[in-house]
Amino acid sequence: DTAVSQTPKYLVTQMGNDKSIKCEQNLGHDTMYWYKQDSKKFLKIMFSYNNKELIINETVPNRFSPKSPDKAHLNLHINSLELGDSAVYFCASSSGLAGYQETQYFGPGTRLLVL
Amino acid sequence: AQSVTQPDIHITVSEGASLELRCNYSYGATPYLFWYVQSPGQGLQLLLKYFSGDTLVQGIKGFEAEFKRSQSSFNLRKPSVHWSDAAEYFCAVGAGNQGGKLIFGQGTELSVKP
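Chains as they are written, first to last, in our numbering: chain A, 1 to 115; chain B, 116 to 229.
Looking at chain A on its own, in the form it has when it is part of the complex:
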């Protein structure tokens, strides 16, 4: 039973395309997150949702749009992909807000390569 799952695991696409990454958690958590890990392995939060409500929206281009249809799912849609979007995208979840003592559980990541 995978706690936090992401699909697809690998995504290779051309510049200008639109793509989506899906995330699902079966932990019953209230909060979900998207992180971007760049080529130097630096992790930075992009978004977080608590009970389907957007809590954190970092300075991310508006080409990135998260959608949370329910508490267990948080999808990431990216429009007009650019070379600089190539990275590993991690989904995570926690029972509360991560900075408030709760552990974040991470998915396996989606490796996006934009050609």
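Possibly wrong hints are sitting among the right ones.
Stated by the list, open to error - Result set (DSBU-like, lysine-lysine): computed pairs, CA atoms no more than 35 Å apart in a straight line:
no.	chain 1	residue 1	chain 2	residue 2
1	A	K44	B	K164
2	B	K228	A	K71
3	A	K52	B	K228
4	B	K164	A	K41
As the list claims (entries may be wrong) - Listed next, the stretches of chain B that the computed footprint assigns to chain A, with coverage defined by at least 3 CB atoms under 8 Å from CB atoms of chain A:
no.	region
5	158-168
6	219-225
As the list claims (entries may be wrong) - Just the calculated beta-carbon pair ranges, DEER-fashion:
no.	chain 1	residue 1	chain 2	residue 2	range
7	A	D18	B	G156	23 to 29 Å
8	B	L161	A	R111	21 to 27 Å
9	B	T120	A	A72	41 to 47 Å
10	A	K67	B	P229	44 to 50 Å
11	A	G28	B	K183	33 to 39 Å
12	B	E179	A	E58	47 to 53 Å
13	A	E58	B	D169	31 to 37 Å
14	A	P69	B	T145	35 to 41 Å
15	B	G168	A	K52	45 to 51 Å
16	B	I126	A	D38	30 to 36 Å
17	B	G177	A	H73	32 to 38 Å
18	A	T7	B	S141	33 to 39 Å
19	A	N79	B	L161	45 to 51 Å
What the hints contain is simulated information worked out from the structure, not anything from laboratory work. All residues carry an ideal CB built from backbone N, CA and C; glycine is no exception.
Following the hints, complete the assembly by docking chain B onto the known chain A.
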């Protein structure tokens, strides 16, 4: 602004040797501190966390970390490293006043020599 610094980008230790990975943080209030490990091609797994109380925290896989407020540090230690410990290690601080997000350090890559 909150920040986390891991001064060592890459560390190599021999199997069986002791390990210490450094982490310094900048945070105005009492920090919530975490250490995560990322194995190659995998997501992140929590090793341990500190919120309050005993400044020496025990985690999984034989790891421990010590919170030192005077030094703004939260160094990770293990007395005897195993080859399976080779991975990327991330220190993080919980920015409680910013929606609860985690701010990560740059990571330290650990290699283990046989």
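Output the indices of the hints that this structure fails to meet, ascending. 2, 3, 9, 12, 15, 16, 19
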